[in-house]
Amino acid sequence: MALEVARYLIEPRGWTELPGRWEEVFGRRASLAAEIGFGNGEFLAWAAAQHPDWDFVGFELALTCFVKAGRRLAQAGVDNVRLARVEGGFALRELFPDRSVSRVYVHFPCPWPKARHAGRRLVTEGLARTLAGVLAPGGVFQLNTDVDWYAQEAAGILSAAGRFSVSGPTPLEDRGPGTRYEQKWRREGRRIFRVEAVCTAPARVERIAEGGMPHAKVKGPVGREGLLSLAGLKESWPGGAFVIKEVYLSPQGDEALVRAYATDQGFQQHFLVAVVRGPEGWTVKLDGATVPFRTPAVKRTVAAVAAALERSAT
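As numbered in the working numbering, the sequence shown has no gaps in its residue numbers, which increase by one up to the final residue, 318.
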């Protein structure tokens with residue numbers, strides 16, 4: 005990843021406390037704004053320059069976006085922006101304390117038009133609950149989209165939550181900073197719509213991630229066959245699941261790496277679990293090469309690996 009992004013990049017998975025202490029991240033206490041899906045960083049660079057007294061946090065998944073956004077932010081000379089590679093809806097709920105965010109921006113999310121993909125749309129009842137929790141009283145959620153029906157649906161979901169004053173969809177004539185997609189859609193003659201929701205009745209939001217590092221001790225001896233038998237171990241329950249994909253053994257047989265996949269309420273993570281033999285027996289813990297958020301499914305994976313090894317030792 006280009007050096008330009010390093011000064012802006014943060015890794016919340018390694019934080020020992022969640023939600024985060026944003027005044028420590030930025031070195032000051034200021035109004036917070038978040039953008040879900042910052043793309044090439046056009047809006048963040050513009051907004052951060054326009055509001056130097058605010059702090060901005062952008063969330064994205066594509067690595068190329070981080071490189072391009074980092075360069076754009078560096079060229080703009082702004083230092084009040086941080087970027088994190090985390091799914092935006094999850095990040096908003098887990099990383100920000102209640103009533104701490106003044107603005108949340110979303111620009112041209114994928115509308116997922118097919119009915120079978122409706123669950124992938126960003127604006128859902130779950131996001132509405134998150135916004136009601138993390139937005140400060142009077143805080144604003146702003147959505148720009150070129151898809152009329154999607155704007156209508158988003159406005160309906162936010163209105164039904166009963167915690168926002170919702171306006172729109174309103175045709176957007178002001179071109180503003182012009183994100184990559186906005187520039188493209190305007191060249192093609194498409195109309196842009198805006199939905200705004202002002203938080204009027206804040207609520208508490210239920211979070212699932214914690215900062216503590218899960219680990220477990222295994223009673224009894226652990227052999228090679230017991231370690232290899234972990235492959236394929238899986239569990240599922242309402243709202244979550246995990247599966248052990250592969251197991252890698254050290255030549256000495258005193259350590260194993262377990263490649264795992266887990267999902268919590270649709271939030272997916274791939275990570276490694278280490279099984280290590282020490283002076284006082286075997287320990288199961290998250291491996292430092294991958295640092296997932298410590299969600300219930302991740303903790304359950306660690307506990308299940310330890311339980312399976314104990315069963316193999318009897």
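Because the hints were derived from the structure by calculation, they are not lab data.
Heads up, a few of these hints could be off.
To be verified - With a cut-off of at most 25 Å between alpha-carbon atoms, the simulated DMTMM-like pairs for lysine to aspartate or glutamate come out as follows:
hint: 1; residue 1: K188; residue 2: D150
hint: 2; residue 1: K249; residue 2: E229
hint: 3; residue 1: K238; residue 2: D152
hint: 4; residue 1: K303; residue 2: D258
hint: 5; residue 1: K303; residue 2: E214
hint: 6; residue 1: K238; residue 2: E250
hint: 7; residue 1: K221; residue 2: E200
hint: 8; residue 1: K238; residue 2: D150
hint: 9; residue 1: K118; residue 2: E214
hint: 10; residue 1: K303; residue 2: D291
hint: 11; residue 1: K289; residue 2: E21
hint: 12; residue 1: K72; residue 2: E229
hint: 13; residue 1: K249; residue 2: E259
hint: 14; residue 1: K223; residue 2: E284
hint: 15; residue 1: K118; residue 2: D152
hint: 16; residue 1: K289; residue 2: D83
hint: 17; residue 1: K223; residue 2: D291
hint: 18; residue 1: K238; residue 2: D258
hint: 19; residue 1: K118; residue 2: D150
hint: 20; residue 1: K221; residue 2: E210
hint: 21; residue 1: K289; residue 2: E314
hint: 22; residue 1: K223; residue 2: E314
hint: 23; residue 1: K289; residue 2: E229
hint: 24; residue 1: K289; residue 2: D268
hint: 25; residue 1: K249; residue 2: D83
hint: 26; residue 1: K238; residue 2: E259
hint: 27; residue 1: K303; residue 2: E91
hint: 28; residue 1: K188; residue 2: E214
hint: 29; residue 1: K221; residue 2: D150
hint: 30; residue 1: K223; residue 2: E192
hint: 31; residue 1: K249; residue 2: E192
hint: 32; residue 1: K303; residue 2: E259
hint: 33; residue 1: K223; residue 2: E200
hint: 34; residue 1: K72; residue 2: E91
hint: 35; residue 1: K289; residue 2: E239
hint: 36; residue 1: K118; residue 2: D102
hint: 37; residue 1: K289; residue 2: E200
hint: 38; residue 1: K303; residue 2: E284
No experiment lies behind these values; they were computed from the predicted model shown.
Hints, one by one, checked against the model:
1. K188 with D150: holds, 11 Å
2. K249 with E229: Holds: K249 and E229 sit about 16 Å apart, inside 25 Å.
3. K238 with D152: violated, 42 Å
4. K303 with D258: This hinted pair holds, its Cα atoms lying about 23 Å apart.
5. K303 with E214: Holds, at roughly 10 Å.
6. K238 with E250: holds, 12 Å
7. K221 with E200: violated, 50 Å
8. K238 with D150: Violated. K238 to D150 sits at ~41 Å, over the 25 Å cutoff.
9. K118 with E214: This hinted pair is violated, its Cα atoms lying about 35 Å apart.
10. K303 with D291: Since the Cα atoms of K303 and D291 sit roughly 13 Å apart, the hinted pair holds (cutoff 25 Å).
11. K289 with E21: Holds: K289 and E21 sit about 18 Å apart, inside 25 Å.
12. K72 with E229: violated, 47 Å
13. K249 with E259: holds, 17 Å
14. K223 with E284: At roughly 10 Å apart (the allowed maximum being 25 Å), E284 and K223 satisfy the hint.
15. K118 with D152: holds, 15 Å
16. K289 with D83: violated, 36 Å
17. K223 with D291: Holds, because 20 Å separates the two Cα atoms, which is no more than 25 Å.
18. K238 with D258: holds, 23 Å
19. K118 with D150: holds, 16 Å
20. K221 with E210: violated, 30 Å
21. K289 with E314: holds, 15 Å
22. K223 with E314: Between K223 and E314 the Cα gap is close to 6 Å, so the pair holds against 25 Å.
23. K289 with E229: OK: K289 and E229 at ~19 Å, within 25 Å.
24. K289 with D268: The given pair, whose Cα atoms are some 19 Å apart, holds under the 25 Å limit.
25. K249 with D83: Not satisfied, since the Cα-Cα distance of roughly 41 Å exceeds 25 Å.
26. K238 with E259: holds, 21 Å
27. K303 with E91: Status holds; Cα separation ~20 Å.
28. K188 with E214: violated, 40 Å
29. K221 with D150: violated, 53 Å
30. K223 with E192: Violated - the C-alpha atoms of E192 and K223 are around 66 Å apart, more than 25 Å.
31. K249 with E192: violated, 45 Å
32. K303 with E259: holds, 20 Å
33. K223 with E200: violated, 56 Å
34. K72 with E91: Satisfied, since the Cα-Cα distance of roughly 18 Å is no more than 25 Å.
35. K289 with E239: Holds: K289 and E239 sit about 18 Å apart, inside 25 Å.
36. K118 with D102: Violated, at roughly 34 Å.
37. K289 with E200: violated, 44 Å
38. K303 with E284: Judged against 25 Å, a Cα distance of about 22 Å means the pair holds.
Checked against the numbered hints above, the structure breaks hints 3, 7, 8, 9, 12, 16, 20, 25, 28, 29, 30, 31, 33, 36 and 37 and satisfies the rest.
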